[in-house]
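Q: As they're listed, the protein sequences go chains A, F, C and Z.
Residue numbers for the first sequence follow our numbering, beginning at 1 and rising by one.
Residue numbers for the second sequence follow our numbering, beginning at 1 and rising by one.
Residue numbers for the third sequence follow our numbering, beginning at 1 and rising by one.
Residue numbers for the fourth sequence follow our numbering, beginning at 1 and rising by one.
Put simply, identical chains are the same to the list, so a pair is met inside one copy or across any two.
Below, in silico cross-link-like pairs of lysine to any residue (SDA-like), each with a Cα-Cα straight-line distance of 25 Å or less:
#: 1; residue 1: 10; residue 2: 97
#: 2; residue 1: 174; residue 2: 200
#: 3; residue 1: 7; residue 2: 25
#: 4; residue 1: 129; residue 2: 56
#: 5; residue 1: 50; residue 2: 14
#: 6; residue 1: 77; residue 2: 193
#: 7; residue 1: 7; residue 2: 34
#: 8; residue 1: 141; residue 2: 200
#: 9; residue 1: 88; residue 2: 189
#: 10; residue 1: 170; residue 2: 132
#: 11; residue 1: 77; residue 2: 194
#: 12; residue 1: 102; residue 2: 125
#: 13; residue 1: 77; residue 2: 197
#: 14; residue 1: 129; residue 2: 103
#: 15; residue 1: 121; residue 2: 31
#: 16; residue 1: 117; residue 2: 130
#: 17; residue 1: 129; residue 2: 110
#: 18; residue 1: 102; residue 2: 190
#: 19; residue 1: 7; residue 2: 98
#: 20; residue 1: 7; residue 2: 68
#: 21; residue 1: 102; residue 2: 21
Calculated directly from the structure, the hints in this document are not laboratory data.
Protein chains: 4
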Amino acid sequence: MNNAIEKLAKLFARFPGIGDRQSKRFVYFLLHQNSDYLEDIKRAIGELKKLVRQCESCFVYFESDGQKLCEVCRDPKTNLESILVVEKDSDYESIRRSRTYKGRYFVLGGLVPIVEKEVEKVIRLRELKRTVEERSGEGLKEVILALSITPQGEHSDGYLRQALRDIAEKNNIKISSFGRGLSTGTEIEYSDNETLRNALENRQ
Amino acid sequence: MNNAIEKLAKLFARFPGIGDRQSKRFVYFLLHQNSDYLEDIKRAIGELKKLVRQCESCFVYFESDGQKLCEVCRDPKTNLESILVVEKDSDYESIRRSRTYKGRYFVLGGLVPIVEKEVEKVIRLRELKRTVEERSGEGLKEVILALSITPQGEHSDGYLRQALRDIAEKNNIKISSFGRGLSTGTEIEYSDNETLRNALENRQ
Amino acid sequence: MNNAIEKLAKLFARFPGIGDRQSKRFVYFLLHQNSDYLEDIKRAIGELKKLVRQCESCFVYFESDGQKLCEVCRDPKTNLESILVVEKDSDYESIRRSRTYKGRYFVLGGLVPIVEKEVEKVIRLRELKRTVEERSGEGLKEVILALSITPQGEHSDGYLRQALRDIAEKNNIKISSFGRGLSTGTEIEYSDNETLRNALENRQ
Amino acid sequence: MNNAIEKLAKLFARFPGIGDRQSKRFVYFLLHQNSDYLEDIKRAIGELKKLVRQCESCFVYFESDGQKLCEVCRDPKTNLESILVVEKDSDYESIRRSRTYKGRYFVLGGLVPIVEKEVEKVIRLRELKRTVEERSGEGLKEVILALSITPQGEHSDGYLRQALRDIAEKNNIKISSFGRGLSTGTEIEYSDNETLRNALENRQ
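Looking at chain A on its own, in the form it has when it is part of the complex (with noise of 0.2 Å):
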């Protein structure tokens, strides 16, 4: 019956981890909010894929003043050396949090689902085969894999490093896995047989 509280719900229960209460709730919170907040919203969303595009070279969302690369692939102090492969940018968002690496980068846009034929319409593959070729020619020497440890991240793990053995090799690249081990919180008592064994290889 309220036909504007509904459609705007229903909008929102599309959003990541939304369901039917909390899309209702959104819509009740909005209309207590006054009209400003609500115009910077519309604004907000509406500049979003006006400001926003992908990075040509690493497929990663920038707020682009006219330029095609983002910032870490236009920046001249950027490492050349190695490309950190992740799924999404909110991988990517953490990496860079971190501080902690200074190369490239290249969102893969997905992971390859363990039952797929047509893995390239699901994963920039063509697109990073297309860029490992191309950047060895730039100093290139390692592809960093920096996939979750879930089966789908593992699978996807083993499936690229696979797909890019070829120009690897022919390019002299070598093909790395984020190390495995304990991460932060992890107990002894309850670790699995899999991250026990690679604390104890990786022990240093």
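We have chain A already, so just place chains F, C and Z on it with the hints.
A: Structure of chains F, C and Z alone, referenced to chain A:
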């Protein structure tokens, strides 16, 4: 650095129950959607304040074609003998969805803080009193308080009973509260004394 | 390999809610305790079946100095007009702790499975019928069913009302059930229809 | 009033992770079991301290037929080149279950509290030093610290490295710690900076 992304993320971070991470996810989610969806959201937010208003009688939000009263308040079949008082719109919705009550409503707009001098700034007490007074001429016989069984909800229940007492007595109106007892899912073993006492007293 | 540790861990793993890990922890915990504590546990387990027996009338477990009836059943101050029927001892305890009920009890020993032919093998139905019949001569006027509001609890409630109907009618005994409504902590917004319906009907 | 029930419940309430309610449930559970099971538990508790003792070398609990050393310490196939230091027996078990390590162990008996003067009252530091010293003559080349990645675990790791430094240098023994990185289930997006830094450094 990504002002457009950060700006929208900050606006989303004010949504109820949404932290910094999830607000960022919302933005990335939007970046992956097509323009139609973004336009739909912008339009729906824009229409919200235009189409939705508060009922002048019960203060619920409703979609208005110019009417000043909500559907329930306008409906000639609505039973005029009772007003059911709720804290907020989502409580109202929950009760309407249960199709169990046929009378009028009143949305308080909040609960009475346990330490609070100026209650009328926090809830619609003056409006409630006036409504009860006015409706007593239209056949009103009962005010039903339907507040959550939380410390603040119970405090508000007691406060309202006190605040409405004189008007109720003068106009021969009964004040009642939603019954207490075992709710769906309650296990005897884990019930508190208060709930058990009520369940015993209200046995039937 | 550690048979003594494994053996005790396996016995503890049968405790309600205890898995393999926690049962092992119990054993390590005991290994770290002094011998007095271990002796105390052994003695207390040994005394359990010697000192504790089931009341012949209401079937609750109680510590007996030779008596066949529990404290409540022996107490001349216990109100004989009602019997409160609970599923299990911990429900009984919960209600006694609330100090809200002054009559007799009856421990069913279980709930009626939703698909079940031979109910008398699962709960003390025969004993309950006999008890109601006998007590009708001692002033019994009401059987109060105090079962959890779970699918099986509600099914049992209906089943018992049916099973006791004839005896109750013949002896002019009322059958009632614990009242339903809002329990402590319940929020209107998140309440199911059934609870709201009961809360409205049982308003007071 | 039910002393036997209360007494046993109180003893169970000291079990790790067990509150008042669950300890009571344990007692009711036991009341419903047959006498054989109760006798089995009593016997198993009685045998615990008779059959199980701490290994004189590594301090793990094991079932002894008179031996003073546990299975691992007695086994001629055990690799003498390393000692793996764990906090407690359940950590030891977790690592043994992973079948990934072939050397000796040492159970510290606790972690070093962050504010603590007399560490030797809390963990087996003196025993560890003596063991390292003695074993250096038997081919010991590495002490591996396998502590949880918690504030106290990391503090203990640093503390032990410091405390063992002189003995290690004198005897040409390496001190290492379990490697850090992504553990099973870790998602890049939600990883802390420290874990990402380690995962990058330990890439392979």
